[in-house]
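Here the protein sequences line up with chains A and B, keeping their order.
Using the working numbering, the first residue of the first sequence is number 6, and each one after it goes up by one.
Using the working numbering, the first residue of the second sequence is number 6, and each one after it goes up by one.
By construction, these hints were calculated from the structure, which means they are not laboratory data.
Owing to the predicted nature of the structure, the values given are computational and were not obtained by experimental measurement.
A few of these clues could be false.
Distance condition first, Cα-Cα at most 35 Å in a straight line; then the derived DSBU-like pairs of lysine-lysine [said to hold, decoys possible]: (1) B/Lys133 / B/Lys35; (2) B/Lys611 / B/Lys694; (3) A/Lys383 / B/Lys611; (4) B/Lys694 / A/Lys605; (5) B/Lys214 / A/Lys684; (6) B/Lys133 / A/Lys694; (7) A/Lys214 / A/Lys383; (8) B/Lys605 / A/Lys694; (9) B/Lys694 / A/Lys684; (10) A/Lys694 / B/Lys684; (11) A/Lys214 / B/Lys214; (12) A/Lys694 / B/Lys214; (13) A/Lys694 / A/Lys611.
Protein chains: 2
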Amino acid sequence: MDCIIPIFWIVPLAAVVALAFAFYFYRNMKRESEGTERMRTIAAHVRSGAMAYLRQQYRVVIVVFVVIAIFFAFLAYGLGVQNRWVPFAFLTGGFFSALAGYFGMKTATYASSRTANAARQSLDRGLKVAFRSGAVMGLVVVGLGLLDISLWYVILDRFVDADGAQKLVVMTTTMLTFGMGASTQALFARVGGGIYTKAADVGADLVGKVEAGIPEDDPRNPATIADNVGDNVGDVAGMGADLYESYCGSILATAALGAAAFARVGDFEMQTKAVMAPMLIAAVGIVLSIAGIFLVRTREGATMRQLLRSLGIGVNTSAALIAAATFVILYALGLQNWLGISFSVITGLVAGIIIGQATEYYTSHSYRPTQRIAESAKTGPATVIISGVGLGMISTAIPVITIGVAIILSYLCAIGFDISHMLSAENLSLGLYGIGIAAVGMLSTLGITLATDAYGPIADNAGGNAEMSGLGEEVRRRTDALDALGNTTAATGKGFAIGSAALTALALLASYIEEIKIGLQHIGEKVLVMPSGAEINVADASILDFMDYYQINLMNPTLLVGVFIGAMMSFLFCGLTMNAVGRAAQSMVEEVRRQFREVKGILEGKATPDYARCVEISTRGAQREMLMPSLIAIIVPVVMGLVFGVAGVMGLLVGGLGSGFVLAIFMANSGGAWDNAKKFVEEGNFGGKGSECHRATVVGDTVGDPFKDTSGPSLNILIKLMSMVSIVMAGLTVAHHLF
Amino acid sequence: MDCIIPIFWIVPLAAVVALAFAFYFYRNMKRESEGTERMRTIAAHVRSGAMAYLRQQYRVVIVVFVVIAIFFAFLAYGLGVQNRWVPFAFLTGGFFSALAGYFGMKTATYASSRTANAARQSLDRGLKVAFRSGAVMGLVVVGLGLLDISLWYVILDRFVDADGAQKLVVMTTTMLTFGMGASTQALFARVGGGIYTKAADVGADLVGKVEAGIPEDDPRNPATIADNVGDNVGDVAGMGADLYESYCGSILATAALGAAAFARVGDFEMQTKAVMAPMLIAAVGIVLSIAGIFLVRTREGATMRQLLRSLGIGVNTSAALIAAATFVILYALGLQNWLGISFSVITGLVAGIIIGQATEYYTSHSYRPTQRIAESAKTGPATVIISGVGLGMISTAIPVITIGVAIILSYLCAIGFDISHMLSAENLSLGLYGIGIAAVGMLSTLGITLATDAYGPIADNAGGNAEMSGLGEEVRRRTDALDALGNTTAATGKGFAIGSAALTALALLASYIEEIKIGLQHIGEKVLVMPSGAEINVADASILDFMDYYQINLMNPTLLVGVFIGAMMSFLFCGLTMNAVGRAAQSMVEEVRRQFREVKGILEGKATPDYARCVEISTRGAQREMLMPSLIAIIVPVVMGLVFGVAGVMGLLVGGLGSGFVLAIFMANSGGAWDNAKKFVEEGNFGGKGSECHRATVVGDTVGDPFKDTSGPSLNILIKLMSMVSIVMAGLTVAHHLF
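Pulled out of the complex, with its shape left as it was, chain A reads as follows (with noise of 0.2 Å):
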């Protein structure tokens, strides 16, 4: 039967519209000079820097690729617990994920030396030049995004051999597993690029700034060109790859979801629109980002607030566009209770937002809070810390209110505020559903929001040129108005990623349990015989029946192990990440003070410092460092799967959704408040450059470095890559488990 309807090919187009307009801003930003000779060779070395690291890291990525596509090529047609889609699905997803990080990353090398030149002419032409750059990776992600979705879609139409409701099934739970090679990359790109970018920076500001007492970016520095191929590779690419995976997770869980709540109810006209809906938002959400990016300009003189003020235009005017297409395009997919569903889609949008302005409240020094740890800065760097943790983790409140509201709203709306019956099992695979495509309503706005994110790296990047290359203090000012707006935007993008990794974790979770029914239905069991003694029949049992049937209660003290260590995850993850990002940075303190010593001259501006070398043990550790946690988020899932079974593997999700969400907004915003509190010292407050003040609040933004652009960004990645893992892994799960 064909899945396909006419309404469909909309999602390809968008897709090629993304593509095209990203080809359009790519090539009117390569049109711009480079300015001068200086500023030109500066940004080569940085590029070819970048570009050596993404290489070696992609070796490292596709050697793991190869060997998790060989094992999944065994578990389908080895012990036949898997579909046979699984292995090559998993390979193109890292591979789109990868390709994103690339083409965002390539765009952005080659546009902070002309985003600099650009600053020497307006502070406009600045913000334009870079913001477009950040657009062209806005619009990859997005672009690729719905581009592989739909390609996939039409191939497993083409060949899956199902009949009716179960085909889209298993069409569907097929696509996930494009979304674990998404994930799987896109954690490696921000463990590798974190420990990269934060190892160089760390390093950079405790020899120089701190015991050499030179400026950032200063050419004097011999860490000056990691740092900047930091920014590159673990802002950009990291970012690039890891919004990708989002995206992608968000429409591929909801589809998945809405197929198997309509399977259920057996008409396939509207399963097809309900794996349809998703995309479909997503598509409009593409349209109207690219409309958004075109009203971002400022003036001369602009202040932080109207620079952000600008931004806001262009998200803004996005998101309300979106939401009045919603109801349009639901209405005319006519998707039942799509009135409903269009109001889940709102709540997530609307969630969005507020959770972007309590991110900006708690981490921008406009507001008391960072003002608050920049005033502890007078009692040292210890009241720093503790003041900094405090408010990372007062600040995690309203985030996690505002998500557990969406989720419930969500779920009313989708269920037509049915509450009498709020968890029959129709509902609840309704629901479900709703809470799903709250989650992509989120992630609609990505086009122009990834925009305003990706554009920070440029801005900072364009700060080091013009400062390297020695333009004057009027560039500089104008690049570092750039990329102070770019650290407000950059929390902000954080709060986003992480606030639809919760709401598409809690949809992969219901996945997961569609996916048990397949691999039951896989290895040949037919009937579920209940603790009660009843049986029902696999292909009938509702999502409430293998709850009970797995006994995925609370009391299941599998279960509860299965949460403790989930808990565990989300930190030892972040502990193992923190500690590569400490050890890569000691060693390159010591290269750096060996340069110094060694290498007379440097100092004195007289000699070049070897930045190469520098380069080089940034990649190294990173290398080395990455490897231990990414393959722990993929094997424990595994491991919890063969001891503990079902319940074991959806008490370590919960488990791991629960703490990693909490604890990635706790150290984004420490991390984004630390950073702040040390601006806003900077710009003339407590002492000012060079206080005690000051040394006290670059001891916060140091630790901060980690917290924000490390460990916390990859746990929404970890959350969701153990939820994939998982899923892909069911049919082995079912077929094998010690519990």
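Based on the hints, put chain B in the right spot on chain A.
Chain B alone, transformed into the frame defined by chain A:
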């Protein structure tokens, strides 16, 4: 029917023996000389400050208790959703917990000058005085605990009006209310005391050590008396109340589960025995702990390792004897499957020892992890913080896995390894009882482990007294050795407290379901209409039936929201207490700076600082700041129940337990490691005292103070208090809830 069998009388007898030995040790300690006139004066200052604080604290707590008791009275006598013993049981729990803290602290304040004086003679004399004074606290806590439990048991046996099996269920669940009183008072004591002690400590260090460059406990530092007072009110009184609550909580929760498990079987005699078992194990533990206390001795010039060994001999001998005695007493009791349940007890005992060892490994500077933190000080305070956070997070793995294994093993032992029916309704009750009794096993050595724990602050204070009284180098060296030992035992003690909290909280989770059943009966519900349409009598419903009825499974969105909120609660609570310490410390810093500035001659030792003013600042700060976090812990579970009902509350408890448990280990271990990394540098490594490295580790130590002594240890009370509140409010929750 009579629920008291002859063997029961061992329980109050053991309690009386414990109190008698406590009195004996107390009198012996009082007979020691207090030393010179100056030592006497300083001790008197500290004592009066500590008592003044405790009086102030109790004044606030009494108000809170009266308000809550009136509310309970309204629920019980007005709405009729609670039984009529609740308000009284609640009040007595708080009273006895406060009493345990009070006695412990009174002893400690008398013991410090006497320990200092004894240390003038020899190390062994010093250790003995300090350790046996610590033993007073250990024995008071366990003695009062068992005494109260016995008293309530006898009273309720006389007055509860129900038949057979039901009577024991009502008795034991009513006694849990007594546990809530203890937890509430413990939370205030831990949070208030923790804020007090760390505000004084951080304040004294920041200005004294870092700015003025005078040593710790120098009489010229105005905050030094407040710092010493803090050790008593936080580390002694706070910890006493905390462990009193843990001890009673584990026994009461297990007794309640025993009553419920065997009520279903209908065997009244076996039910009585199951209720007795945890009390008897505790009673045996008391007697054998006293035996262990007499084994602790050392000789002059003992190294840290030898001191640790001498404490170890006492603790390990007690543990081994208790393990053996468990088999005897449960066999004599004639408990069904006594062998399996004995092994559950041993599982807990062994898990406690493993967690203790792991804690020692991660926090003692005899091992690599802490030494690595000290080494990272070479690159400044930022890397000290990064590596400490990394270490703390990684250190969560072993305790969590240990508890996971303990949960499964104690469950399986209790059900006789009947794996094929592992999750049947009967086995579930029995297995959960096994988990509870493992917690009792872990805490059975509390009489002696708490002695090793309480001895730490006494030695610390003795050092302070020696310093301020100007006793010789030799004495200070001896008290320092005792103090360093105390740091490690304190970390181990925290491991025990949090490990037992995790197991107890699981038992409480099961008790919550039992209480829901009683609540339903209380409001007159007779029949449950299950989702499948079947009807079950409330009286006959098993734990699994309630799971089904309330859909306490991982797909229920109200439960998932509960998990998120629960995970967030731990972080919010820690954030609030961290900030409280930060704020209170800042006032302290400003006051000390003011005195140095305004009162001439302090630093030259010519003028006496105004100690009392600093004591007052800490007191006021602690009182002001402790209310908010403590009230949140009480109110949130109530609100959760009213809005999201039983499933929401269960989610809240599990989410809080998962993230709170891991967060507590992280914070305790990071803090302990920072403290000892500083000590490692002070012993002459990486430049020793006064070097740049030393200054960097002092920053780590200061950050670690609230981690390990305020926020971290409060979390285990938070986890259990939220459970206790939910249990006591179960009647209200079943009667009124929104979803």
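Consistency of the hints with the structure:
With a CA separation close to 13 Å, the supplied pair B/Lys133 and B/Lys35 stays within the 35 Å bound. The straight-line distance between the Cα atoms of B/Lys611 and B/Lys694 is roughly 26 Å, inside the 35 Å bound, and the hint therefore holds. Distance check on the hinted pair: A/Lys383 and B/Lys611 sit about 28 Å apart at the alpha-carbon level, within 35 Å; holds. Between B/Lys694 and A/Lys605 the alpha-carbon distance is near 33 Å, which keeps this suggested pair within the 35 Å criterion.
For the suggested pair B/Lys214 and A/Lys684, the alpha carbons sit about 29 Å apart, so the restraint of at most 35 Å is met. The straight-line distance between the Cα atoms of B/Lys133 and A/Lys694 is roughly 54 Å, outside the 35 Å bound, and the hint therefore fails. For the hint linking A/Lys214 to A/Lys383, the alpha-carbon distance of about 20 Å falls within 35 Å, and the restraint holds. For the hint pairing B/Lys605 with A/Lys694, the CA-to-CA distance comes to about 33 Å; that is within 35 Å, so the pair holds.
Proposed proximity of B/Lys694 and A/Lys684 is supported: the alpha carbons are some 33 Å apart, at most 35 Å. Pair hint A/Lys694 plus B/Lys684 holds up; C-alpha atoms about 33 Å apart against a cutoff of 35 Å. The suggested pairing of A/Lys214 with B/Lys214 holds, with an alpha-carbon distance near 26 Å, which does not exceed 35 Å. With a CA separation close to 25 Å, the supplied pair A/Lys694 and B/Lys214 stays within the 35 Å bound.
Among the hinted pairs, A/Lys694 with A/Lys611 is consistent with the structure: their alpha-carbon atoms are about 26 Å apart, no more than 35 Å.
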